[in-house]
Every structure is written in C-alpha cells, then in structure tokens.
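Chain order of the listed sequences is A and B.
All residue numbers for the first sequence refer to our numbering, where the first residue is 1 and numbers rise by one.
All residue numbers for the second sequence refer to our numbering, where the first residue is 1001 and numbers rise by one.
I should point out that these hints are in silico values taken from the structure, not numbers from a laboratory.
Small disclaimer: the values here were computed from a predicted structure and weren't measured.
Worth double-checking, as some hints may not be accurate.
Unchecked claim - Chain B stretches covered by chain A per the calculated footprint, using a threshold of three residues with CB under 8 Å from any CB of chain A:
#1 1051-1061
#2 1083-1093
#3 1097-1109
#4 1112-1118
We put the beta carbon where it would ideally sit given N, CA and C, even for glycine.
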Amino acid sequence: MKQFRAFIKKEWFHIFRDRKTVFILFGMPVIQILIFGFALTNEVKNANIAVLDYSKDAKSIQLIQKIDASKYFDVYSSLNRASDIDKVLKSGKVKMVIVVPQGFTQSLEAKHKVSIQLIADASDPNFATTLFNYGTSIINDFQKQYFIEKIPLVVTPEIRMLYNPQLKGAFNFVPGVMAMVLMLVSTMMTSIAIVKEKELGTMEVLLASPLRPLLIIISKTIPYLFLSLINITTILLLSVFVLDLPINGSVFLLVILSMLFAITCLSLGILISSSTNSQQVAMLISLMGLFLPTIMLSGFMFPIENMPLPMQFISNLVPAKWYFYIVKDVMIKGLGIGSIWKEVLVLFGMTIFFLVISIKKFKLYLS
Amino acid sequence: MSKLANNEREVVISATELTKQFGDFIATNAITFEVFRGEIFGFLGANGAGKTTAMKMLCGLSTPTRGRATVAGFDVSTESEKIKKNIGYMSQKFSLYEDLTVTENIRFYAGIYGLSIPVIKEKTAALLQQLNMKSQKNVLVKALPLGWKQKLAFSIAIIHDPAVVFLDEPTGGVDPITRREFWEMIYAATNRGTTAFVTTHYMDEAEYCNRISIMVDGKIEALGTPADLKSKFNSETMDDVFLKLARNAKRIGD
Chain A
1 MKQFRAFIKK EWFHIFRDRK TVFILFGMPV IQILIFGFAL TNEVKNANIA VLDYSKDAKS
61 IQLIQKIDAS KYFDVYSSLN RASDIDKVLK SGKVKMVIVV PQGFTQSLEA KHKVSIQLIA
121 DASDPNFATT LFNYGTSIIN DFQKQYFIEK IPLVVTPEIR MLYNPQLKGA FNFVPGVMAM
181 VLMLVSTMMT SIAIVKEKEL GTMEVLLASP LRPLLIIISK TIPYLFLSLI NITTILLLSV
241 FVLDLPINGS VFLLVILSML FAITCLSLGI LISSSTNSQQ VAMLISLMGL FLPTIMLSGF
301 MFPIENMPLP MQFISNLVPA KWYFYIVKDV MIKGLGIGSI WKEVLVLFGM TIFFLVISIK
361 KFKLYLS
Chain B
1001 MSKLANNERE VVISATELTK QFGDFIATNA ITFEVFRGEI FGFLGANGAG KTTAMKMLCG
1061 LSTPTRGRAT VAGFDVSTES EKIKKNIGYM SQKFSLYEDL TVTENIRFYA GIYGLSIPVI
1121 KEKTAALLQQ LNMKSQKNVL VKALPLGWKQ KLAFSIAIIH DPAVVFLDEP TGGVDPITRR
1181 EFWEMIYAAT NRGTTAFVTT HYMDEAEYCN RISIMVDGKI EALGTPADLK SKFNSETMDD
1241 VFLKLARNAK RIGD
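Whole structure, please, built from the sequences with the hints as guidance.
Written as structure tokens, this is what we have:
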C-alpha cells in the first residue's frame, strides 16, 4: 500500500508538471464540446435564402415573411430575374432560392392549387435535403393557416422526430466527443506514460524492484482512470448546462458505463504500450490506429447503416461504436440496462481480451 | 561500520551452469562462478557476449533455462520476489525521473522499496548531506549535470542497503574525474558490506575491481583478480587481456 501511494504520487507529478498533458487532459474536452456544440453543427440555423417573387401580392408577401421569420431561414436577397438564380447560388451566399409564380393569391383562391419552386444548392446533399424539408413544412403550415376554412379537410402526413424533436446535432456529437476524449485520455495518454518509462530506462529499475509488474501497471493507469471520470463529468455538465441537452436516462448508469469504456480504453493503452518501446510509435498507433477509426467507424460522423458491408463488419471491432450506442440509448432515449446489455457485454469482452493479450506480451518481454 | 574478517569468504552470488536459451540461440552458456560479500565483481564482455542476459537472470527478471543461481541466499528461479528486495539496480541510463526533484526521486524509490516514512526522511537528509546536494534538493533532476545524476542514481540504488547492487555500465558518458569519484562511492558501499556487480566497457575501470570475469560468446573465458589475469595472458594491461580473448569471439555484437 505504501508502495502504491508513492507510485501514484509520482504519477501526479508527471501529469501536472507537463503543460501539454494538462492541456490535453482538461482543455481538450471543453474545447471539443464547444467546437462540436456550436461551430461544427449540421443543424440548419438562419440559412440565407433568396426569393424570386413574380406575384408580389398580399399572400405571397405573407408567405415570404413567414419564411423569413422562422429561425431556419433568413431572406438574404430578392431577385428580379430567373437568370439571377444561378448567379446567386453560384456565389455561395444563399443555399436555396424560393420561386413564387405569378398570380399567387389568385390561383390559390380560385384553384386551391399553386406550385412553388424550391431550388437548393445540393453540393452538400444532406444540408439541401434539410433545407428542403424545413421549407416544405413552413409552406404546408402557411397553407393550413390560411385556407383551413375554405378547403375540405385534407389528410396531411405529420412527421414527428422522436427523442430529438428539435433535430439537435448535439445529440449526436456529445456521445461522440465522450468517446473521443476517453480514447485520448485513457488510451493515448496511458500508453505514452507507460512507454515513456521503458524509453527512459526507469521501467527496468521498477521491474528489478520489489514492485510486482501488475502493481506497476495498475498504478500507472489509476490516475488516468480518475481523470477520465473528471472528464466524463465535465462533458455531461457542459452538455446539460451549455448545450441544453437533457440526460433522459439514469445519470448513474451513464457514468458507470462510461467508466467501463474508460477501462476498455485503458486496456487498449496497456496493449499498445506492451507492443512498442517508443513514445512516438505509441502515439502514432493511438492516433492513426484508434482515433481515426473511432471518428470514422463509430457511427458518430457517418451512419453505419450507410456503409458498405465490409466496413459495417469492421465497425464492430471499434470499441467506440458500442459505447456510442450505449450513450445514445441511455442519454437520449432514456433506456435502461435491459436494452443495452449486449453492447455492455461486448465492451466487457473486448476489455478482457485486450488485457489477456497484454499480460501475455508483458510476460514475453520479461523473459 | 567495521569490516568483518571473514567477509571475503561469504558467498553472496553463486551461479552453477546457469544457461539461458532463446530458441536455438544460447545467450548464456552454462556459466559458473561465485561472488563474495563486500567484493567488487567486474562482469566484462563484448556486446552480445551474454552479459545482460546473465545479469537479468541474477536480478530475477528472467528465469534460467537450465542450471541454477542464488543471490543473497535466494534461488533466482523460485524466489525472485525475495531477491528483488535484497538487490539494488542501476542501469546505464541512470533511471531517474527528470521531471521530479532530487528529493522526490529519493522518496519515490525509497517508497517503492517499502521503507517507512521516518526512515525515508532520515535517509533523504543523510543522502543529501553526503552528496553535498542540500541546496539542490528541490531542483528538477533534468537540470542537474550528468555526473550528479549518476551519483544520485547510485545512492538511490543502494538506499535500502541491499546485499548486492547491480551496476549496468554505470559510467557511460561521464568525465574521468567524475568516474573516479563514482568509484570511490562504490568502494565506500562495499566497505559497508554491500557487494557490487559491475559491467563496464572501460578497461581501466576493470582494474578497480577485486575480481573480474570475461565473457565470450556466452561463456566465461577468464575469471580472477586483474593481476592474475594479466600474468596468465602475458599482458601489460587489462585492455590487452580483453582483446586477446574477445578477438576469438564468433558472435557479432548488437
């Protein structure tokens, strides 16, 4: 126990005396949450659009005002000629053009039917689709509001976005950022910290001391596990109080399962450190071999369902994928352990697998 | 502490046909020798001769394939935990934590050897006094000159008064004066009853040892006092002895 205390104390010195380490540990989670929460969002907010209104009558002006007033769109310019549409879209200043035909009010009242054209810049297809959906729903809304008493009841499909009614991007990013930060802290920092001892030759001295090898590894990882807990807390607090994301499920369950993922990451870090003797290699493996797949294949940036089959298969090997499901289910859908036990079991299995290989490799290193 | 008269005959390290084999490669080939209490034993050999492997086995870091060895009375194959409590180890890299201060390094190593807090305090004060480093006690180790790091590393390696201290090329990259001072520290430690097991590449240092062994291709080819070896091999210097033996080596150093 005395040995353990002395060791942990030393680890704290290592961590807090290196500014870069402190920055990665405490700055990164906050910065990532803020970047993903505010800057890197694919939500549509105040998108600039242009309007080409051939009618300029009472109803068409009302419709355009309604669109402008919504928080999704800002009418950036009014066009006069059809030839301007291409120009304004190419300039990139507006993402969509709404074309209202001549005699808008008249057609509506006489024929109860009028076509409005939405022309979107589909160089980013997802964004264009979102704009189109929002635009359509505003127009439908307008139609109902003004003609409900005149037209017979029309059946209109109503779409409800479950669990995330405002379609907030943060719902997707927060679990992703949690996975990334835990990967950074637990896998990269731990593997570097252990390999550093090998590189500096202190590991030899530690191994020749009465410290048991297992105790050395445990003492090296415990501080990072503790820091992971702090990071999980910070991220959850930020997402609740800054990004306005509610935690729908049990906070306790979320934290416990996040710790499980942190331990999975730690065991990966130990595995990496048992396979190399150089800090740079450890960092490269962590970044290229783990960080990148975490971003690409966990479902956090790109939906797994859209990937080609081989990629879908590979994504199963990425621990972050399973954690990503867990966080989404617990945090956003508010589900309990009953619905995520499979994911939990997978993470558990992966952890044991990594640890067993690490121990085998470590024994080889010793003999 | 007074030196006991029969110190010389008390066996501290004993190796019998100690062998380590990796696949077809025999790194250490049936070496047999004894080291006595308070002795400075030089363990020489070209790179790749099998010194490091032999030393690892004696430190309890690696189990022998064949043969047996005891260190401080404990068997290396079965009692490595007990051996580790009774040895000190200093590597050629000095193995101090650069981002820790002098005091923190001393306390850490004393701590992992399980010394109690009052003993650690007492030892730290004595060590700083002895090394004349009181004013540097709160300086980060990375700011110290190489020679100081080396002396500090040695003092830390023997902080728990081990029966044997293993020194793996302890004087690499240090100037001759500091090397001389360092050897004085080794003498002081051996006078207190600690046994020093030293590997080195400097043949002038080999002269400082009580006895030396020279390994060639995994076997001990010569063992004796420096004077004995010189007369046996008809040589003026240890350098010459070493060259005569090592020239026959078939393995290429790594």
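* To do: Quick one: see if chain A covers the segment 1051-1061 of chain B, three-plus residues with Cβ-Cβ under 8 Å.
  => holds (count 3)
Notebook entry, point to check: For the segment 1097-1109 of chain B, does the count of residues with a C-beta closer than 8 Å to a C-beta of chain A reach 3?
Noted result: holds (count 8)
* **Coverage of the segment 1112-1118 of chain B by chain A (three or more Cβ within 8 Å)** => Since three or more residues must qualify, the claim that chain A covers the segment 1112-1118 of chain B holds, with 4 doing so at under 8 Å.
Holds or violated: the segment 1083-1093 of chain B covered by chain A, criterion of 3 or more residues with Cβ-Cβ distance under 8 Å? holds (count 8)
Violated hints are absent here; each numbered hint is respected by the structure.
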